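Got two chains here, each in a separate frame; can you build the complex from them with the hints?
From first to last, the protein sequence lines stand for chains Z and A.
Quick note on this note's numbering: the first sequence kicks off at 327 and runs consecutively.
Quick note on this note's numbering: the second sequence kicks off at 2 and runs consecutively.
Rather than coming from a laboratory, the hints here were simulated on the basis of the structure.
Keep in mind the model is a prediction, meaning the values are calculated, not measured.
To be clear about the criterion: a stretch of chain A counts as covered by chain Z if any three or more of its residues have a C-beta under 8 angstroms from a C-beta of chain Z, and this derived list gives those stretches:
{"#": "1", "segment": "76-90"}
{"#": "2", "segment": "191-202"}
Sample of chain Z residues facing chain A (criterion: CB under 10 angstroms; computed from the structure):
{"#": "3", "residue": "Gly-334"}
{"#": "4", "residue": "Arg-507"}
{"#": "5", "residue": "Glu-508"}
{"#": "6", "residue": "Gln-636"}
{"#": "7", "residue": "Phe-652"}
{"#": "8", "residue": "Asp-663"}
Think of the CB as a built atom: it goes at the ideal place given N, C-alpha and C, for glycine as much as any other residue.
As a plain string of letters, each chain reads:
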Amino acid sequence: MYVAVKGGEQAIDNAHKLLAKKRRGDTSITELSVEQIRQQLPLAVARVMTEGSLYDEQLAALAIKQAAGDMIEAIFLLRAYRTTLPRFCASLPIDTSNMQLNRRLSATFKDLPGGQLLGPTFDYTHRLLDFSLLAEGEFAGPQVQEGAALDPCPRVLGLLAKEGLIKNEADDGEAVADITREPLEYPATRAQRLQALARGDEGFLLALSYSTQRGYGRNHPFAGEIRIGEVEVWIEPEELGFPISIGTLEVTECEMINQFVGSGTEQAQFTRGYGLAFGHAERKAMAMALVDRSLRAEEFNEEIQSPAQQEEFVLAHCDNVEAAGFVSHLKLPHYVDFQSELELIRKLRAPARKEPQA
Amino acid sequence: MNAYQTSRPARPERDQAYNFAYLDEQTKRMIRRALLKAVAIPGYQVPFGGREMPLPYGWGTGGMQLTAAILGAEDVLKVIDQGADDTTNAVSIRRFFGRTAGIATTERTPEATVIQSRHRIPETPLHADQILVYQVPIPEPLRFIEPSETETRTMHALNDYGVMHVKLYEDIATFGHIATSYAYPVMVDERYVMDPSPIPKFDNPKLDMSPALMLFGAGREKRLYAVPPYTRVQSLDFQDHPFQIQSWEHNCAICGSHDSYLDELILDDAGTQSFVCSDTDYCAQRVLQQETGQ
Numbered sequence: 327m328y329v330a331v332k333g334g335e336q337a338i339d340n341a342h343k344l345l346a347k348k349r350r351g352d353t354s355i356t357e358l359s360v361e362q363i364r365q366q367l368p369l370a371v372a373r374v375m376t377e378g379s380l381y382d383e384q385l386a387a388l389a390i391k392q393a394a395g396d397m398i399e400a401i402f403l404l405r406a407y408r409t410t411l412p413r414f415c416a417s418l419p420i421d422t423s424n425m426q427l428n429r430r431l432s433a434t435f436k437d438l439p440g441g442q443l444l445g446p447t448f449d450y451t452h453r454l455l456d457f458s459l460l461a462e463g464e465f466a467g468p469q470v471q472e473g474a475a476l477d478p479c480p481r482v483l484g485l486l487a488k489e490g491l492i493k494n495e496a497d498d499g500e501a502v503a504d505i506t507r508e509p510l511e512y513p514a515t516r517a518q519r520l521q522a523l524a525r526g527d528e529g530f531l532l533a534l535s536y537s538t539q540r541g542y543g544r545n546h547p548f549a550g551e552i553r554i555g556e557v558e559v560w561i562e563p564e565e566l567g568f569p570i571s572i573g574t575l576e577v578t579e580c581e582m583i584n585q586f587v588g589s590g591t592e593q594a595q596f597t598r599g600y601g602l603a604f605g606h607a608e609r610k611a612m613a614m615a616l617v618d619r620s621l622r623a624e625e626f627n628e629e630i631q632s633p634a635q636q637e638e639f640v641l642a643h644c645d646n647v648e649a650a651g652f653v654s655h656l657k658l659p660h661y662v663d664f665q666s667e668l669e670l671i672r673k674l675r676a677p678a679r680k681e682p683q684a
Numbered sequence: 002m003n004a005y006q007t008s009r010p011a012r013p014e015r016d017q018a019y020n021f022a023y024l025d026e027q028t029k030r031m032i033r034r035a036l037l038k039a040v041a042i043p044g045y046q047v048p049f050g051g052r053e054m055p056l057p058y059g060w061g062t063g064g065m066q067l068t069a070a071i072l073g074a075e076d077v078l079k080v081i082d083q084g085a086d087d088t089t090n091a092v093s094i095r096r097f098f099g100r101t102a103g104i105a106t107t108e109r110t111p112e113a114t115v116i117q118s119r120h121r122i123p124e125t126p127l128h129a130d131q132i133l134v135y136q137v138p139i140p141e142p143l144r145f146i147e148p149s150e151t152e153t154r155t156m157h158a159l160n161d162y163g164v165m166h167v168k169l170y171e172d173i174a175t176f177g178h179i180a181t182s183y184a185y186p187v188m189v190d191e192r193y194v195m196d197p198s199p200i201p202k203f204d205n206p207k208l209d210m211s212p213a214l215m216l217f218g219a220g221r222e223k224r225l226y227a228v229p230p231y232t233r234v235q236s237l238d239f240q241d242h243p244f245q246i247q248s249w250e251h252n253c254a255i256c257g258s259h260d261s262y263l264d265e266l267i268l269d270d271a272g273t274q275s276f277v278c279s280d281t282d283y284c285a286q287r288v289l290q291q292e293t294g295q
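Pulled out of the complex, with its shape left as it was, chain A reads as follows (with noise of 0.2 angstroms):
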């Protein structure tokens, strides 16, 4: 908890053996570049010529290399896994960019200026002044129903989408409900339909006129888009069976919430659950609310 007695952002020493941010200044710029592209295109994937990073492919090399071209001095960067600070691999990204940028980092969603995310959309709001940069593990919602990128290029190019909605369909036929949890995909300002990333379904209302700019990179497909703020994206559905988010029967073991999207622990052999806030700063700034509203 002493992370959220103290509001000032911690500020580690940087390498000057690397450059800002580790990737050279031209390679900054070709992401630059491309990102405005996305920018421009809400949703349309962008090739961009993807980098090694010194962390293995999957594991955060697409949203590490955005961070990388968009950070500056000033910056306060947050880094989450599944919605926790604390998960061994937001530690080591991270450390990568404490080490390497040497600005400060938060756990703080409010304090950051710049939040790198796998899986998850914060639970706090977040402002105009923020950028919301996700790690992807394949940026072809289309992918699981065309193997072949020749062709989703193409389907895309198109707006031939009809695939999707009969995949939708024939899971409403087969188990009486669209069976997407996560990953579930989006039509970005009626366009591009675009993958979230492995969120789960519960964050997709957030992305939709969110004043946060998202920014989504896949290192080793080497596909890199975005949603600029205030852009309308809607979560695929049927006007019979339209979307809907999960919802819990129980509330967060910790803080109480009957809102957030919550982790299932098993306690016991005999298989006793217990949930908590997957969004582990969420959960702190209830609990020190609570605390302190005492």
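Isolated chain Z, as found in the complex (with noise of 0.2 angstroms):
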């Protein structure tokens, strides 16, 4: 009788090579190469370095393709990857107002500098299941204007902060926390806050998001803009003394323009909110913005009451690697607690029976 918990090792070497079956599949289909993950699902890639907290396409493919699909479990691949390497340096601020755009909107004004470029988006089709895509064929792609050039793109709220309509945002020049190094504290400064929210689950933060709308915090949103396209990435070695490029980032930004505050000693300004995340992520980006701007509450001085405004609710439970851990967890034995929990409901019943026979 007691085999029962016998017998961990073979059995876990046995379940490893059952999920290798499973994530292998049909062996008479041809196998999925990293490099196809890479190149035809952009998007998943691009959540699992954002939530990853690691820019780098095939890494993120390789751990899509090891993790069977299963987002959570690629994005915990990855971290736990991340977390072996070493820390050279931090990067120049990125420069998103020079960004190479591929799309850009804004819903807060008709025309703007620059312009509008709708880009590649999932917005306007029409969600009908394309059964042409069910056989495999040639993709001939839009037609290219050779030549063409962007204007200048100003960033939106950069425009009204030339107004004084929206609250500047000036770098404090304070070194930046790495909470992937350092225990997060609360409260959390701003920069943290950011940092947590950028690795936060996209799920998680979209419902969060969503609540400000329906009333739980509510802080009247404007998409400001939303910009998506290539940026590069400058490091300054101490040893050098000057800035040098070491590469590209495709990033999606997201600055959302928010109700305004004022006092009787301050003109009234609008307030912003903020999401930044790596690749083509729209979704995360606004939801991030959203609760960004609500978790600034204290800052205006705007009454707590929801949870998107809670610092410590939301930053405690965004990440979806601890959530999914802890989760989890409760599969492994409990044997121990819940015979503690049995001896007592037991001794708990005992008085409770025999007082109907007294």
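Below you can see the structure in the form of structure tokens.
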């Protein structure tokens, strides 16, 4: 009878082999290559890179393959790899004003310098299953206008800030903490909050941001600007004394324009929420911007009543690797704790059973 | 039973692709610094820069980081989960350190220099050359009374533990007993209320004046704490409701022990119960003694 809990090693080995078989599926079908995932599931790759906090398309695609398409598992794999990497230095802040745009829109101005650029988007597609994709075939691609160039696209919120209509966000020059190296303590700085949100689960942030729209911490948002494109990453090594470019990243940036604040002594100004994600990740960036703004409630002396406004609640629970781990640990044996509870509940019930007889 | 017939600990091959015990030396140093602080302030929760481990949060990542930080090449590691060496997660963690540190592992409590445990303290008394590392899910004993970390840190700072006593009193008023059977709160060195991790309260007395160093690691919550050797650890109680540990009417079905913590097994559809030691090594050692004694 005691063998019920024995044999763990063999069971683990066999479980891993079964998983590998499940991942591979029918071997008469060609195996999915990492490069195919990278090229043909770019939005999945973007999410894994964003929440995995590591910009590497190939490794993210590998993680998706290894995780058999389980996104949170893929994010976990990438994070666990990331921990083993040395951190050489912090880059200079990326300059999204000079982004090589492939999409840009503002919901607050009909036209603006640089114009709107729809780019690749699901927006305005009719969500009808495209049965032609069941067959494999050549894809023609859009018509390209040779020699077309973008006009300069200054940031929308920058235009408002010039007029003093929106609160300016200035770099305070403070060293930026790294929440992957130092424990998050409350209250957090905005930089720490934004880091936590950037790594945060898209679904959780989406639900929280939605809750603010439905009145649980409403903050009257407008999508001031969303831009997606390539930005250069610059570092300034100490021994060099001047910055050098080390490559480019694709990022999605969202700046929300939110309800204004003001007082007897201060003129009314709009406020903003900020979202940034790797790759093409519009939903995540928008959700992040809404939650960033709602977490600024204390800064703007707003009443804190709703989950999306509570820093500890949001930051302590937005990480899906932490959440998935702790929920899944319920699968581990709890014989000992449960035995304690059994003993206790029997003890508690004992006098109650006796009473009717007495 | 083969494991008990040889006393030479198994020593696996180390995977050279990883640093010794997986974590890089800088990270280990950071954890050791936090551990020194924890030992200096018994029962105080020290924040540390917890890393992502290749095992899920909630599966022992805090304990693993502490173990990784204190392991030396000559250490002998024992890993238990629910008192047993052969539950799947204990196997998995023992393998992890076998692979990344190439250190000797054992199932025998007296042979181990470092014991990583989830939810139990071994029945065999520990000695001064041993370190017990606990895996901790929620390090904050006040968490289920006050969810906010900002608040609970203030309460610890001000020695403001009234709410904890009120909670225990409410249990007595409602149920007639203190209705906490595991993760039973303790007062460490007459200063900090501490969560001993989800060990059954049966194990709480083993914490008091233990000759072995006790280290607690919570990976997801990024907190660690310690009970240094020979420290007073009192389970919270009232004069008229003194702290009591669990006891069983049964004996262990394998070794006959009547003073160890027993797990209940259900044998058939009729609900026939059997009780066996939760500490598999303790049980096996007793059986061995009985066999050789005869």
